[in-house]
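Visitor: So you can see what is in the structure, the chains are spelled out below.
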Amino acid sequence: GGIITQTPKFLIGQEGQKLTLKCQQNFNHDTMYWYRQDSGKGLRLIYYSITENDLQKGDLSEGYDASREKKSSFSLTVTSAQKNEMAVFLCASSITGTGGLAEQFFGPGTRLTVL
Amino acid sequence: GEQVEQRPPHLSVREGDSAFITCTYTDPNSYYFFWYKQEPGASLQLLMKVFSSTEINEGQGFTVLLNKKDKRLSLNLTAAHPGDSAAYFCAVSPYQGGRALIFGTGTTVSVSP
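From first to last, the protein sequence lines stand for chains C and G.
Per the working numbering, residue 1 is the first one in the first sequence, and the count goes up by one each step.
Per the working numbering, residue 1001 is the first one in the second sequence, and the count goes up by one each step.
Calculated from the structure, these hints are not laboratory results.
Straight-line alpha carbon distances no greater than 27 Å define the calculated DSS-like cross-link-like pairs of lysine-lysine that follow:
{"no.": "1", "chain 1": "C", "residue 1": "9", "chain 2": "G", "residue 2": "1037"}
{"no.": "2", "chain 1": "C", "residue 1": "57", "chain 2": "C", "residue 2": "83"}
{"no.": "3", "chain 1": "G", "residue 1": "1037", "chain 2": "C", "residue 2": "41"}
{"no.": "4", "chain 1": "C", "residue 1": "57", "chain 2": "C", "residue 2": "9"}
{"no.": "5", "chain 1": "C", "residue 1": "70", "chain 2": "C", "residue 2": "9"}
{"no.": "6", "chain 1": "C", "residue 1": "22", "chain 2": "G", "residue 2": "1037"}
{"no.": "7", "chain 1": "C", "residue 1": "41", "chain 2": "G", "residue 2": "1069"}
{"no.": "8", "chain 1": "C", "residue 1": "41", "chain 2": "C", "residue 2": "22"}
{"no.": "9", "chain 1": "G", "residue 1": "1049", "chain 2": "G", "residue 2": "1069"}
{"no.": "10", "chain 1": "G", "residue 1": "1068", "chain 2": "C", "residue 2": "41"}
A quick note: this is a predicted structure, and the numbers were derived from the prediction, not measured.
Can you make the complete structure from the sequences, with help from the hints?
Guide: Set out below in structure tokens:
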């Protein structure tokens, strides 16, 4: 088995601040994802990456940057935090090459609060 | 693009009762379907994945139904117990191997003793 680690668990920032969230996985999965979870809105995809140095935009990429530094890590940057940014950010990973069936494994989340 | 609607948003049942959650989707090319469970303060755990070619799947304490004609995916928690109290999310993926899942908005289930 493997595990996905997200740091920090809680992140408090000021409006306008640049904030970075980190994710590490030891599944040796090729594809990694960042989702935003808002209450009552389910999960929405921000960015995903199918391999090291690859980046693909999701539906919610505006206002965010991402970086896949190596296969095991994927970071997300909120470029300028806004008060409506408060949400839980979930990182996930999956094996590539199994088409749409690839199960995604999720990390514990980072809860962002913007003051 | 694909739209997934999940109902109801909240569900309260007594222990031993059934809890029924439904998702409807719009893309007829959707082929893979998933149900995830999220316990309070925890991350998402996969309950079941379903192919388009199968219609009924039974797990431990639950049944997943897929109606392709109506584009409807359902989760039935049979004989619910307090440990089933959690948020449940359906997710849909197209046959072409779209990397991202489209998630429903979630159902919060509360099971009282």
